[in-house]
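Student: Chain B: place on chain A using the hints.
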Amino acid sequence: MRRKLIRLSHFGIKGTIYLMWAAVVVQTVVYFVNPVRAETYKLSIEYWQGLWSVFFGAS
Amino acid sequence: MTEIIVAATLSANAQIIVVIMILGRLFEALWVPQLFWTNAGLCVVFLLAAKWRPRDARKLFSDIGQWMRTGYNTVKGDAVLTILIIIVVMAFLWLLFLAILLPPYSWDGLAYHLTMMGLWLQDGRIDDHMDSKHYILQTWPINAELFFLWNTVFFRNDTIVNCTQLFFVPLGMMSIYLMARRTGRRRRTSMLAGILFLTFPIVIQQATCCMIDIIFSVLFLASLAFLIKPRIEFSDVVYAAIGLGLFFGSKGSSAFIILAAVGSAFIYHLPHIFKRVKLVRFAGWLLAGLFFFLLAGSWQYAKNWAVFGNPVHPYNVEVFGKTIFKGPMDIKLHQGADLLKGWKEKLEHRSTLGQIYYSWTEPGKMYLYDSRVGGWGAAFFILLLPCLGAALLISLVRRDGRTFFTLLIILLSFWATPVGKFWVRYSIFIVSAFVISLAYLLDLLRTSSASHLLKGSLLLLIIPTLFLGGIGNINTHPPSALKSYLSLPFEKWHSSQFICGGWERRVFHKINDVTGPGTIIAHDRHFTYLFKYPLWNRDFSNKVFYIKGEKGEGENWEKVLDDWEAAVDKWDVDFWVSGKDSQTSQRARMKPGKFRLLIQGGKLALFQVIKEKEPEVDDET
Numbered sequence: 001m002r003r004k005l006i007r008l009s010h011f012g013i014k015g016t017i018y019l020m021w022a023a024v025v026v027q028t029v030v031y032f033v034n035p036v037r038a039e040t041y042k043l044s045i046e047y048w049q050g051l052w053s054v055f056f057g058a059s
Numbered sequence: 001m002t003e004i005i006v007a008a009t010l011s012a013n014a015q016i017i018v019v020i021m022i023l024g025r026l027f028e029a030l031w032v033p034q035l036f037w038t039n040a041g042l043c044v045v046f047l048l049a050a051k052w053r054p055r056d057a058r059k060l061f062s063d064i065g066q067w068m069r070t071g072y073n074t075v076k077g078d079a080v081l082t083i084l085i086i087i088v089v090m091a092f093l094w095l096l097f098l099a100i101l102l103p104p105y106s107w108d109g110l111a112y113h114l115t116m117m118g119l120w121l122q123d124g125r126i127d128d129h130m131d132s133k134h135y136i137l138q139t140w141p142i143n144a145e146l147f148f149l150w151n152t153v154f155f156r157n158d159t160i161v162n163c164t165q166l167f168f169v170p171l172g173m174m175s176i177y178l179m180a181r182r183t184g185r186r187r188r189t190s191m192l193a194g195i196l197f198l199t200f201p202i203v204i205q206q207a208t209c210c211m212i213d214i215i216f217s218v219l220f221l222a223s224l225a226f227l228i229k230p231r232i233e234f235s236d237v238v239y240a241a242i243g244l245g246l247f248f249g250s251k252g253s254s255a256f257i258i259l260a261a262v263g264s265a266f267i268y269h270l271p272h273i274f275k276r277v278k279l280v281r282f283a284g285w286l287l288a289g290l291f292f293f294l295l296a297g298s299w300q301y302a303k304n305w306a307v308f309g310n311p312v313h314p315y316n317v318e319v320f321g322k323t324i325f326k327g328p329m330d331i332k333l334h335q336g337a338d339l340l341k342g343w344k345e346k347l348e349h350r351s352t353l354g355q356i357y358y359s360w361t362e363p364g365k366m367y368l369y370d371s372r373v374g375g376w377g378a379a380f381f382i383l384l385l386p387c388l389g390a391a392l393l394i395s396l397v398r399r400d401g402r403t404f405f406t407l408l409i410i411l412l413s414f415w416a417t418p419v420g421k422f423w424v425r426y427s428i429f430i431v432s433a434f435v436i437s438l439a440y441l442l443d444l445l446r447t448s449s450a451s452h453l454l455k456g457s458l459l460l461l462i463i464p465t466l467f468l469g470g471i472g473n474i475n476t477h478p479p480s481a482l483k484s485y486l487s488l489p490f491e492k493w494h495s496s497q498f499i500c501g502g503w504e505r506r507v508f509h510k511i512n513d514v515t516g517p518g519t520i521i522a523h524d525r526h527f528t529y530l531f532k533y534p535l536w537n538r539d540f541s542n543k544v545f546y547i548k549g550e551k552g553e554g555e556n557w558e559k560v561l562d563d564w565e566a567a568v569d570k571w572d573v574d575f576w577v578s579g580k581d582s583q584t585s586q587r588a589r590m591k592p593g594k595f596r597l598l599i600q601g602g603k604l605a606l607f608q609v610i611k612e613k614e615p616e617v618d619d620e621t
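Residue numbers (this note's numbering), protein chains in the order written: chain A, 1 to 59; chain B, 1 to 621.
These aren't lab readings, by the way, just hints derived from the structure by calculation. One or more hints might be untrue.
Stated by the list, open to error - Straight-line Cα separation of at most 16 angstroms, EDC-like style, residue types lysine to aspartate or glutamate; simulated pairs:
hint: 1; chain 1: B; residue 1: 548; chain 2: B; residue 2: 569
hint: 2; chain 1: B; residue 1: 365; chain 2: A; residue 2: 46
hint: 3; chain 1: B; residue 1: 559; chain 2: B; residue 2: 572
hint: 4; chain 1: A; residue 1: 14; chain 2: B; residue 2: 565
hint: 5; chain 1: B; residue 1: 483; chain 2: A; residue 2: 46
hint: 6; chain 1: B; residue 1: 548; chain 2: B; residue 2: 565
hint: 7; chain 1: B; residue 1: 365; chain 2: A; residue 2: 39
What the hints assert, rightly or not - One side of the interface only, derived from the structure: several residues of chain A facing chain B at Cβ under 7 angstroms:
hint: 8; residue: 20
hint: 9; residue: 28
hint: 10; residue: 36
hint: 11; residue: 44
hint: 12; residue: 50
hint: 13; residue: 51
Predicted model, so just to flag it, every value in this text is computed and none were measured. Ideal placement from N, C-alpha and C gives every residue a C-beta, glycine not left out.
If we strip away everything but chain A, and leave its shape as in the complex, we get (with noise of 0.2 angstroms):
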């Protein structure tokens, strides 16, 4: 029984490593498929593209 309730214990923390990449899977594309997210990217860039000019740029 001990040996069953192990094995069985042992399944289901695999099982729930596997849901869990599996939910990063989902979380991945419910994240990249914001629209806005492009628009952060493109902002950023520009951000650092300034940042570098302000401090090494040509005056």
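Tutor: Just chain B now, with coordinates in the frame of chain A:
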């Protein structure tokens, strides 16, 4: 050693609060010599009481050295941890640079956190802006603001005040490390959990500004680190009480979180209390804890009770329909959606859980220090959220009580947060549950390929998180604003450069131009502009006074204005600022021989008070 550092930091913070409140509130002697010598004297007393000897100092340095060597050996050989530490250290240094370069710029800071500080510095006492109609300046808890004061008073300059929250970040990291170790995590994964604290955009955005949300959450995390310790001892109760007291004294909403955390922690420790500690002894511990809790955090509540008859003035508190504390304002303030311009329609139709999930999908374009929705970053939503679910389930199945109950206590504390739970800055402490979950899974998976995959995914997600908005999108001072700011002469590096509103900014620039050491600028309640702090110079060499220019019930305008003019003369005011169309401004315009209009626009008008020249004494007569 980490435990000692966290405990010592909590104790030092409590000493700062207590000394400032005693000197500032009771003795009205909040000046540098008194502050310095009182604290130095207390340190000497504590060292003597602990029978400190030179060999103890040698042992301490040796222990610190051993602690650092242990840390180095822990990191060595773990590529992901090493890379993360390098990234976080670089981020910290960049934030330190920004915090020192920029003057205070956050809205809440300029409106009230630093405004309180300005008055305390000027008057040498802890006063409550009773002239202000803004209840925040009069009644809200002030522990966090006292830390801003601590970083300003010795320099008599606000150069490092922006660093206050940044200085709390290492304490947050160490607290999370300690919490992870308490749940049985290995050093390496605990370190990973702690380091991740500075990779969340909301933490990075807040770290360089004078908001108080990092201070708030870190004090709670430090308390939790002692609260969840297995086989809790008396010293743990004391340090948890100190931390919770500091936490309670920084924001009133902490009361609900404290009840949830202490209540659930008490249930968690019940077996230990009954079997080993015994209830009577534990009751003694709790009494001692209550003393330290009140010492660290009850000052402003006690003042409110004495002055207003209500410790949580202005809030009206009712329990089951019975009024416990009477006040003019409903306690259901900050119901979240009501205050969120642009997000109300996205949130109001969702359930609480729906609002939280929507916020955690990061729907905003960029991150702010007050990211109303979003603020955790890609790694949190994509990876850490599933990790939490998995960790809860697995720890339950494996009967890992330490991990399961620790996560539960944090989640219950989050759920007890009274302000909109989707509003991330109010519950930064919840990240501890997520990073500890990650550490739990990494320990479970050990050196398997799944563990490497998890760490690799984390690294892959942290980098765009930091790029996207952790470091990148600091909206308040985009590169163009930084460039124009850096091109100004040093004397013009002032908070007014970041004020919104064209005319208001010009008025403040003029104020900064004309006020200098010793000048007095006064205002009335018609100075309704949100930010009062920029009225002070950065070295607080000028003085800012309130003079009554409003008509009370039954009063006559002529008398009010005559009294106002007499007060302007009596206090030798140099400049007057008020609402552009206020009665005092209109009176000032009627007397151009006495009040010279310097600038007006938007909602404000600034006048110079022309002083009568004293007749020259003729030595010949």
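Student: Compare the structure with the hints numbered earlier in the document and write down the numbers of the violated ones, lowest to highest.
Tutor: The structure breaks hints 3 and 4; every other hint is satisfied.
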